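Chemist: Chains as they are written, first to last, in our numbering: chain A, 10 to 341; chain B, 225 to 401.
Treat the hints as calculated values from the structure; they're not laboratory data.
Some hints could be false.
Each computed DSBU-like pair below joins lysine-lysine, with the alpha-carbon atoms no more than 30 Å apart [as the list claims (entries may be wrong)]: (1) B/Lys334 to A/Lys247; (2) B/Lys334 to A/Lys251; (3) A/Lys251 to A/Lys232; (4) A/Lys241 to A/Lys251; (5) A/Lys247 to A/Lys232.
Computed from a predicted model, the values in this text were never measured in an experiment.
So you can see what is in the structure, the chains are spelled out below.
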Amino acid sequence: MLGYLVHRLLIMIPTLLAISALTFIIIQLPPGDYLETYISELESQGENIDPEKIQQIREQYGLDQPMIVQYLYWLGGLLKGDMGFSFEYSLPVSQIVGDRLLLTFIVTLATVLFTYIVAFPIGVYSATRQYSWGDYGLTFLGFLGLATPNFLLALVLLYLFNRYFGISIGGLMEPEFVDQPWSAAKLVSVLQHLMVPVLVIGTAGTAGMIRRLRANLLDELQKQYVVTGRAKGLPPIKLLLKYPLRMSLNPFISDIGDLLPELVSGSVIVSVVMSLPTTGPMLLSALRSQDMYLAGSFLMFLALLTVVGMFISDLALAALDPRIRLHGGATK
Amino acid sequence: MSAHRYPLRELAGDYARAGAGLLATLGPLLFVPASPVMIWLLGGLAALFLAFGARTALRQMTVVRVDEAGITAIGPVGATIAWEDLERLALAYYSTRRDRTRGWMQLSMKGRSRSVRLDSTIDGFRDITAAAARVAVRRQLPLTPATIGNLAALGIEVHDASAGGTGAQVANGPGHA
Numbered sequence: 010m011l012g013y014l015v016h017r018l019l020i021m022i023p024t025l026l027a028i029s030a031l032t033f034i035i036i037q038l039p040p041g042d043y044l045e046t047y048i049s050e051l052e053s054q055g056e057n058i059d060p061e062k063i064q065q066i067r068e069q070y071g072l073d074q075p076m077i078v079q080y081l082y083w084l085g086g087l088l089k090g091d092m093g094f095s096f097e098y099s100l101p102v103s104q105i106v107g108d109r110l111l112l113t114f115i116v117t118l119a120t121v122l123f124t125y126i127v128a129f130p131i132g133v134y135s136a137t138r139q140y141s142w143g144d145y146g147l148t149f150l151g152f153l154g155l156a157t158p159n160f161l162l163a164l165v166l167l168y169l170f171n172r173y174f175g176i177s178i179g180g181l182m183e184p185e186f187v188d189q190p191w192s193a194a195k196l197v198s199v200l201q202h203l204m205v206p207v208l209v210i211g212t213a214g215t216a217g218m219i220r221r222l223r224a225n226l227l228d229e230l231q232k233q234y235v236v237t238g239r240a241k242g243l244p245p246i247k248l249l250l251k252y253p254l255r256m257s258l259n260p261f262i263s264d265i266g267d268l269l270p271e272l273v274s275g276s277v278i279v280s281v282v283m284s285l286p287t288t289g290p291m292l293l294s295a296l297r298s299q300d301m302y303l304a305g306s307f308l309m310f311l312a313l314l315t316v317v318g319m320f321i322s323d324l325a326l327a328a329l330d331p332r333i334r335l336h337g338g339a340t341k
Numbered sequence: 225m226s227a228h229r230y231p232l233r234e235l236a237g238d239y240a241r242a243g244a245g246l247l248a249t250l251g252p253l254l255f256v257p258a259s260p261v262m263i264w265l266l267g268g269l270a271a272l273f274l275a276f277g278a279r280t281a282l283r284q285m286t287v288v289r290v291d292e293a294g295i296t297a298i299g300p301v302g303a304t305i306a307w308e309d310l311e312r313l314a315l316a317y318y319s320t321r322r323d324r325t326r327g328w329m330q331l332s333m334k335g336r337s338r339s340v341r342l343d344s345t346i347d348g349f350r351d352i353t354a355a356a357a358r359v360a361v362r363r364q365l366p367l368t369p370a371t372i373g374n375l376a377a378l379g380i381e382v383h384d385a386s387a388g389g390t391g392a393q394v395a396n397g398p399g400h401a
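Okay, chain A solo, but in the shape it has when bound:
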């Protein structure tokens, strides 16, 4: 396994470097930079700006340097824990994103746990009780979850939770805790407000996962080795847990890689609708205003989540099912 770990890590490092370079280039591709966007905004409001002052600011932030120099400066900064300077907020990026990354992480983790805790037993139940009333009912709920737009579900749940549980609309905490240091009361408020976003963001993923797990498990349960085991009198639970469930988990685990970044980037609309202080809306705003260090840091965070997610799912798959594919073939 150590060899596999090293092989896999050696793929991760250049991948992250390549992503960082591409991210930086793509952010720089649109004509102009943040200052030009800012100047045209001011000029459209009838304000005049001294060109010398503009040049001074450009030099101050290194915008007059070649792209490669700016990139290396940013990359070196990342190693030092300095993610650059946000032009839009006139603050270091680390100060702006700190709390948002933490809240995004909390929302993401809660959603992943919700997705797996709900999808796993339902998927197994649906597969082992195929065409029962329970299977039909849960399948119907699954399709409902897949078909309902997240933002619509968000609006409905916001209303219901406010009406019946008194939870304030929007945000991830009561307004009095915003910008306050962390405390037990603030944590409780965050956990109370977490229910709606977790339900909204997690529903579609849960529904999809139930469908996939059900289909995979049904495939496995119809294989000959299961029939043989049943014929030999193996207890049903043992027969289910020993191999079919394990085998059907493969696609389930390989989903982890896609799940992590999707939960951050895919929930932008929900975050906007629900005024969540997560990374999604800020990334959107940074990309629109060409706030390159802020946008670049967010995109690197997403890339890191993707690469780490893939790494975790590959390790789990290698541990779970280290089988060769007969049509493939090893070279060593």
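With chain A held as given, fit chain B onto it using these hints.
Modeler: This is chain B only, laid out in the frame that chain A set:
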């Protein structure tokens, strides 16, 4: 009795990987005053690559002997497993590619108190695996479907003795590995 070694040309790739990993992790730490989090992260990764390099060096110094009594790894971290003490056998296949091609196999054997792990890069890997598989079937050790599938890919057909089979049979074909 047969003796097996890891060929230098195969180990050279692992040395290069350990070197590249150390360069990629220690390099930035030497030239940039990194944050404490990055120091721990890159330092941890560097330790991992260092361990991999050390394992490669140990493999270079190791000779594996297989005879009718058992298997012995002779080297700085040697181990002997008598066939009669074999308790577990697993054959895993690893690949870093999405289509699971161009990978390698790892044979893990566990005796009473010692274990031996061999990669498919060692000379005569198939012969060692066939010998171990024969013992595993004779001793009716439980083999996972992954192990049975990987053995089949090597051309080693295993019939589960507990299911009324006749034991391990080694086919003549070259297999897939």
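Chemist: Each hint should be assessed against the structure and marked as holding or not.
Modeler: Quick rundown of the hints versus the structure:
no.: 1; hint: B/Lys334 to A/Lys247; result: 25 Å, holds
no.: 2; hint: B/Lys334 to A/Lys251; result: 22 Å, holds
no.: 3; hint: A/Lys251 to A/Lys232; result: 14 Å, holds
no.: 4; hint: A/Lys241 to A/Lys251; result: 15 Å, holds
no.: 5; hint: A/Lys247 to A/Lys232; result: 16 Å, holds
In terms of the numbered hints stated before, the structure departs from none.
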